Amino acid sequence: MSLLTTEPIRLLVALVAILGFVGLNAAYLVLAERKGAGRIQNRPGPNEAGYGGWLQPVADVLKLFSKQLIVPPGTDTLLFRLAPLLVLCPAMVGLAVVPFGETLVARDLNVGLLLVFALGSINVLAIMLSGWSSRNKYAIISAARVVSQNVAYEIPMLLVAITVLMVSGTMNLNEIVRQQAGWFWHWNVCRLDLNPLMPVTFVIYFICMLAETNRAPFDMAEAESELVAGAFTEYAGMGFGVFFMAEYANIVLGCCVGVVLFLGGWQSPFGAWSGVGWFLVKLYALIFTVIWVRWTFPRTQFYRLLNLSWKILIPVSLATLVLASAVLKLRPS
Amino acid sequence: MKASLLAIPRGFWSLLVGLRVTATQFFKPVVTVPYPRATLPIPPRFRGHIVLTADPATGRPLCTACKLCERACPSDCILVEGARLEGEKKKSVTDYRLDFTRCSLCGACVEACPADAIRFSKNYNLAGTSKEAYVFDLVARLKAEKRNS
Numbered sequence: 003m004s005l006l007t008t009e010p011i012r013l014l015v016a017l018v019a020i021l022g023f024v025g026l027n028a029a030y031l032v033l034a035e036r037k038g039a040g041r042i043q044n045r046p047g048p049n050e051a052g053y054g055g056w057l058q059p060v061a062d063v064l065k066l067f068s069k070q071l072i073v074p075p076g077t078d079t080l081l082f083r084l085a086p087l088l089v090l091c092p093a094m095v096g097l098a099v100v101p102f103g104e105t106l107v108a109r110d111l112n113v114g115l116l117l118v119f120a121l122g123s124i125n126v127l128a129i130m131l132s133g134w135s136s137r138n139k140y141a142i143i144s145a146a147r148v149v150s151q152n153v154a155y156e157i158p159m160l161l162v163a164i165t166v167l168m169v170s171g172t173m174n175l176n177e178i179v180r181q182q183a184g185w186f187w188h189w190n191v192c193r194l195d196l197n198p199l200m201p202v203t204f205v206i207y208f209i210c211m212l213a214e215t216n217r218a219p220f221d222m223a224e225a226e227s228e229l230v231a232g233a234f235t236e237y238a239g240m241g242f243g244v245f246f247m248a249e250y251a252n253i254v255l256g257c258c259v260g261v262v263l264f265l266g267g268w269q270s271p272f273g274a275w276s277g278v279g280w281f282l283v284k285l286y287a288l289i290f291t292v293i294w295v296r297w298t299f300p301r302t303q304f305y306r307l308l309n310l311s312w313k314i315l316i317p318v319s320l321a322t323l324v325l326a327s328a329v330l331k332l333r334p335s
Numbered sequence: 004m005k006a007s008l009l010a011i012p013r014g015f016w017s018l019l020v021g022l023r024v025t026a027t028q029f030f031k032p033v034v035t036v037p038y039p040r041a042t043l044p045i046p047p048r049f050r051g052h053i054v055l056t057a058d059p060a061t062g063r064p065l066c067t068a069c070k071l072c073e074r075a076c077p078s079d080c081i082l083v084e085g086a087r088l089e090g091e092k093k094k095s096v097t098d099y100r101l102d103f104t105r106c107s108l109c110g111a112c113v114e115a116c117p118a119d120a121i122r123f124s125k126n127y128n129l130a131g132t133s134k135e136a137y138v139f140d141l142v143a144r145l146k147a148e149k150r151n152s
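These protein sequences, in sequence, are chains A and B.
Counting in the numbering used here, the first sequence runs from 3 upward without gaps.
Counting in the numbering used here, the second sequence runs from 4 upward without gaps.
One chain only, chain A, in its complex shape (with noise of 0.2 Å):
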């Protein structure tokens, strides 16, 4: 145990966990939509490879590696190939700070949330890359859609942000969390006391966190029906896998964040046996919300998904973070 928590090998296990946590989340949330998906149209889902589908992302990532890597002539072939890379490695980053127990953490960074939130950036600028290197149109027209997409929605995100920040006075993810000890009322989510917008902000966050991972009903990046598979068009066999890893590693990763801003993190909603598996309860209640809400709505156009943002979610938000402060002012400390 004490060769453990040395420092060198202690970071080499939690980046082997994190790999693995992401690798095998990505695998088996694709499952796990499909099942879903399944599931709301009265549909029993993939059930063949193996017992009721369980050996489906076996074979889904077997067939992946089996294809072959093309790389079109014509292509800007560093960025191209790095672009998937890129999309994957701030996610993965980003889970190094989340706490996911009291002492479950790679690296219990005083600016965890700084951390989180200039790395889910990089997101953007990846996925614009691989539309701009791979020399096609509907890649290069879902590019520009990305980018306007996620600035738009990176800024009600951050304010969000900075509410919950100016509650919680920290920056460490953990610290954050253990703020939020007792029952389940001491949840940032529902300190209505600090900021009687609360319920507010977390609902705003959870749009913003659909939107920047491109998820349905606002994934304009990957627009089947007018894009082809937007950014990823040119992208075959494992390229292709990474991005749809990195998509699912960004719903973990927004999801663990929400989790632990919003929702207490490995804090237990009545006080007591606080613990990893109250993180996992409420991480995959999230995921499964986002799941349900993919299934649910249709996608939205794109004049409406800017307008969401600038008209009613920037507003909405700026409003919290005022109202939040003038509490903070005005609470007798």
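No lab work stands behind these hints, which were simulated from the structure alone.
Be a bit skeptical, because a hint or two may be false.
To be verified - Capping the alpha-carbon separation at 30 Å, the derived lysine-lysine pairs in DSS-like fashion look like this:
| id | chain 1 | residue 1 | chain 2 | residue 2 |
| --- | --- | --- | --- | --- |
| 1 | B | K70 | B | K146 |
| 2 | B | K92 | B | K146 |
| 3 | A | K65 | A | K139 |
| 4 | B | K94 | B | K70 |
| 5 | B | K31 | A | K37 |
| 6 | A | K313 | B | K5 |
Computed from a prediction, not measured in an experiment: that's the story for all the values here.
For chain A, the structure is supplied; the task is to place chain B on it using the hints.
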């Protein structure tokens, strides 16, 4: 201003209604059938290609080769040949060919038959490698059916 502000909670409420719809569907039973492993019952009035019916007493086809079906067929896909056997009053069928590539399952032949000698089968998953595989010899089919049963 007021209308556009009211649109926000209203729109949000409609989203929740949508989520409720999918959530209730989520817990409803599966309605699809995994086809090759399970099949739906075929409805009684299903129209497969026609087959000859046998006389339950003798086991021979009921068809008397009157050729009314041949004449009734709008696509000209039926060919009937018959002959009178020794010591019998009626003719009996010797050859009944159905060109299923042209048949549209209209049922005019079944309606025209005075002896109820042809009926719709329940064969739907037909497959073949040549066009000729769909010219069915219905007399041979009836014999094979009798042998199998």
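Quick rundown of the hints versus the structure:
no. : hint            : verdict
1   : B/K70 to B/K146 : holds, 21 Å
2   : B/K92 to B/K146 : holds, 23 Å
3   : A/K65 to A/K139 : holds, 27 Å
4   : B/K94 to B/K70  : holds, 11 Å
5   : B/K31 to A/K37  : holds, 14 Å
6   : A/K313 to B/K5  : holds, 14 Å
Violated hints: none; the structure is consistent with every hint.
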